[in-house]
Amino acid sequence: MVPKDLKYSKSHEWVKAVGNNTIVIGITDYAQEELGDIVFVELPKVERQLKQQESFGVAESVKAVSDLFSPVSGMVVSVNEALGKQPELVNKEPYTNGWMIKIALAAPTELSSLLSAEEYEKLISEGSK
Amino acid sequence: MKQTKLYHWHQQHKARLIEFGGWLMPVQYSSIIDEYWAVRKKAGLFDICHMGEITVIGDQAEKFLQQVMTNDVSVMAPGDCLYSLMCYDHGGIVDDLFINKISRHNYLLVVNAANTEKDYQYLMEQKSFYDVMLNDISESTSLISLQGPGARDIMVKLAGPEIAVLDYLHFAKGQVAGKPVTISRTGYTGELGYEIFYFAQPEPEPDTEKIWQSIIDQGAIPCGLGARDILRLEMKYSLYGNDIDQDTNPLKAGLDWAVKLEKDNFIGKTSLEQIKKAGLSRKLAGLTMQGRQIARHGFHIFNQDGKIVGQVTSGTFSPTLAKSICLGYIRLAEAALDNKLNIEIRGEKYPATIVKTPFVPSHVRD
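These protein sequences, in sequence, are chains A and B.
Under numbering that gives the first Met the number 0, think of the first position of the first sequence as 0, with each following residue one higher.
Under numbering that gives the first Met the number 0, think of the first position of the second sequence as 0, with each following residue one higher.
One or more hints might be untrue.
Stated by the list, open to error - Each computed DSS-like pair below joins lysine-lysine, with the alpha-carbon atoms no more than 27 Å apart:
id	chain 1	residue 1	chain 2	residue 2
1	B	K276	A	K62
2	A	K50	B	K40
3	B	K259	A	K44
4	A	K62	B	K275
5	A	K9	B	K40
6	A	K84	B	K348
7	B	K355	A	K91
8	B	K322	A	K84
9	A	K44	B	K355
10	B	K1	A	K91
11	A	K101	A	K50
12	A	K91	B	K339
13	A	K84	B	K276
14	B	K348	A	K62
15	A	K91	B	K13
16	A	K84	B	K1
17	A	K84	B	K339
18	B	K276	B	K348
Unchecked claim - Between beta-carbon pairs, the in silico distance windows are:
id	chain 1	residue 1	chain 2	residue 2	range
19	B	P148	A	K50	39 to 47 Å
20	B	L279	A	E118	43 to 51 Å
21	B	K13	A	T95	24 to 32 Å
22	B	I307	A	T108	14 to 22 Å
23	A	E80	B	D216	41 to 49 Å
24	B	D216	A	E92	30 to 38 Å
25	A	E118	B	T319	51 to 59 Å
Hints are computed from structural coordinates only; laboratory data are not their basis.
What you are looking at is a predicted structure, and each value in this text was computed from that prediction instead of being measured.
Heads up, the beta-carbon is just placed ideally off N, CA and C, and yes, glycines get one too.
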């Protein structure tokens with residue numbers, strides 16, 4: 000499942016624009032499926048400055064730990080507190096209630112470096128061959 | 000890599016397969032946590048055909064086993080299952096295993112997949128003075144495990160009412176899906192459960208699948224090794240290669256109940272007596288963490304002064320407790336119940352507490 004209205008990173012995060020220079024980040028359905036049951040998500044503090052490609056936290060499943068990377072630069076304006084008690088939301092609703100952080104963009108032009116839904120679909124179909 | 004006789008079934012049912020002990024095994028079908036709950040609340044079915052089976056047959060079978068096993072084989076009656084360890088002279092563990100006594104001169108050993116060849120070689124080396132015959136029958140033996148509170152009802156439907164009276168750590172012959180099987184009240188999950196052996200004679204391949212499918216048709220949920228690892232860890236059942244190995248001994252692993260030092264003689268006895276006399280420096284303890292991040296094999300455990308006092312051997316997230324749990328060898332002085340320690344995870348220390356084990360109540364005798 001790859002929603003058309005989102006942008007994607009090669010490290011399997013999705014990005015959704017939500018108004019003035021603000022975006023929401025989560026991980027894709029493909030990523031949660033690969034990780035398996037997520038039991039812990041570590042998220043950054045609000046107001047942390049992130050550079051593009053910087054790790055902003057980890058998602059931990061029974062099987063493995065995976066770093067989470069910010070597809071864009073900016074400041075964290077909020078994080079999904081619900082994941083503290085219900086990390087499984089990332090598995091169940093990766094594109095909605097399983098969102099991770101909201102960022103105020105530092106360099107909006109970075110968005111153009113992200114993948115479209117079609118490009119991302121191509122990436123994962125190649126990856127899973 | 001070896002495949003079990005259920006490999007095609009696993010593939011058809013979209014199991015995620017991984018290498019384990021030289022075998023390609025299902026780690027999960029749907030979700031590790033869902034499969035975990037199936038076992039704790041209903042009934043789950045595991046393919047454990049990878050386990051090794053070695054027969055010990057001969058007039059001196061009991062005498063031989065008394066020599067190589069730490070537990071007391073002489074107390075066994077036909078139809079009994081007994082957990083035991085095999086140790087080296089220095090007290091290190093060769094393997095942990097189940098001994099099934101079929102008759103006075105006929106025993107079946109159920110050993111860890113990755114250790115099967117090693118165990119067989121080791122037993123061969125020890126047997127020279129004994130009138131016994133050893134056979135590794137792992138290739139022709141299928142083993143599947145039905146575990147959970149619903150396991151008895153399913154077995155009664157499939158194998159008949161007499162199975163209802165089979166007690167924990169006993170086995171009996173029976174039939175499932177029209178195939179002759181041996182059913183034992185054993186498992187690796189802490190739940191009421193049965194392990195079903197099928198000894199194929201001239202390899203009628205689909206037989207194992209027929210047995211497996213007949214149990215699935217009764218409502219058992221197929222479960223992979225992922226769920227199995229959480230289930231066994233909540234019970235503090237040791238996993239060879241993680242919690243115990245040739246460099247650990249049964250006493251510090253808390254397996255002294257399976258070591259009968261009062262027995263005449265057995266391999267490792269002298270060393271284990273000395274270790275006991277000298278006193279343990281570390282022991283395997285269970286810890287819970289406040290948070291959900293998992294303390295994994297090899298992570299360091301610190302005391303309040305910041306000194307390393309132990310190392311994690313196995314760790315996971317306990318769905319029942321909704322927090323992380325782990326096992327680790329801890330310096331005895333720091334291993335007391337309720338002691339507060341810290342575990343380093345990705346460069347940061349997180350609080351952990353020594354707790355009673357098993358982490359969740361056992362239902363094996365229900």
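Do the hints match the structure? See the list:
no.: 1; hint: B:K276 to A:K62; result: violated, 40 Å
no.: 2; hint: A:K50 to B:K40; result: violated, 46 Å
no.: 3; hint: B:K259 to A:K44; result: violated, 55 Å
no.: 4; hint: A:K62 to B:K275; result: violated, 37 Å
no.: 5; hint: A:K9 to B:K40; result: violated, 40 Å
no.: 6; hint: A:K84 to B:K348; result: holds, 20 Å
no.: 7; hint: B:K355 to A:K91; result: violated, 34 Å
no.: 8; hint: B:K322 to A:K84; result: holds, 10 Å
no.: 9; hint: A:K44 to B:K355; result: violated, 35 Å
no.: 10; hint: B:K1 to A:K91; result: violated, 34 Å
no.: 11; hint: A:K101 to A:K50; result: holds, 14 Å
no.: 12; hint: A:K91 to B:K339; result: violated, 35 Å
no.: 13; hint: A:K84 to B:K276; result: violated, 47 Å
no.: 14; hint: B:K348 to A:K62; result: holds, 21 Å
no.: 15; hint: A:K91 to B:K13; result: holds, 19 Å
no.: 16; hint: A:K84 to B:K1; result: violated, 40 Å
no.: 17; hint: A:K84 to B:K339; result: holds, 23 Å
no.: 18; hint: B:K276 to B:K348; result: violated, 35 Å
no.: 19; hint: B:P148 to A:K50: 39 to 47 Å; result: violated, 52 Å
no.: 20; hint: B:L279 to A:E118: 43 to 51 Å; result: violated, 59 Å
no.: 21; hint: B:K13 to A:T95: 24 to 32 Å; result: holds, 25 Å
no.: 22; hint: B:I307 to A:T108: 14 to 22 Å; result: violated, 48 Å
no.: 23; hint: A:E80 to B:D216: 41 to 49 Å; result: holds, 44 Å
no.: 24; hint: B:D216 to A:E92: 30 to 38 Å; result: holds, 33 Å
no.: 25; hint: A:E118 to B:T319: 51 to 59 Å; result: violated, 43 Å
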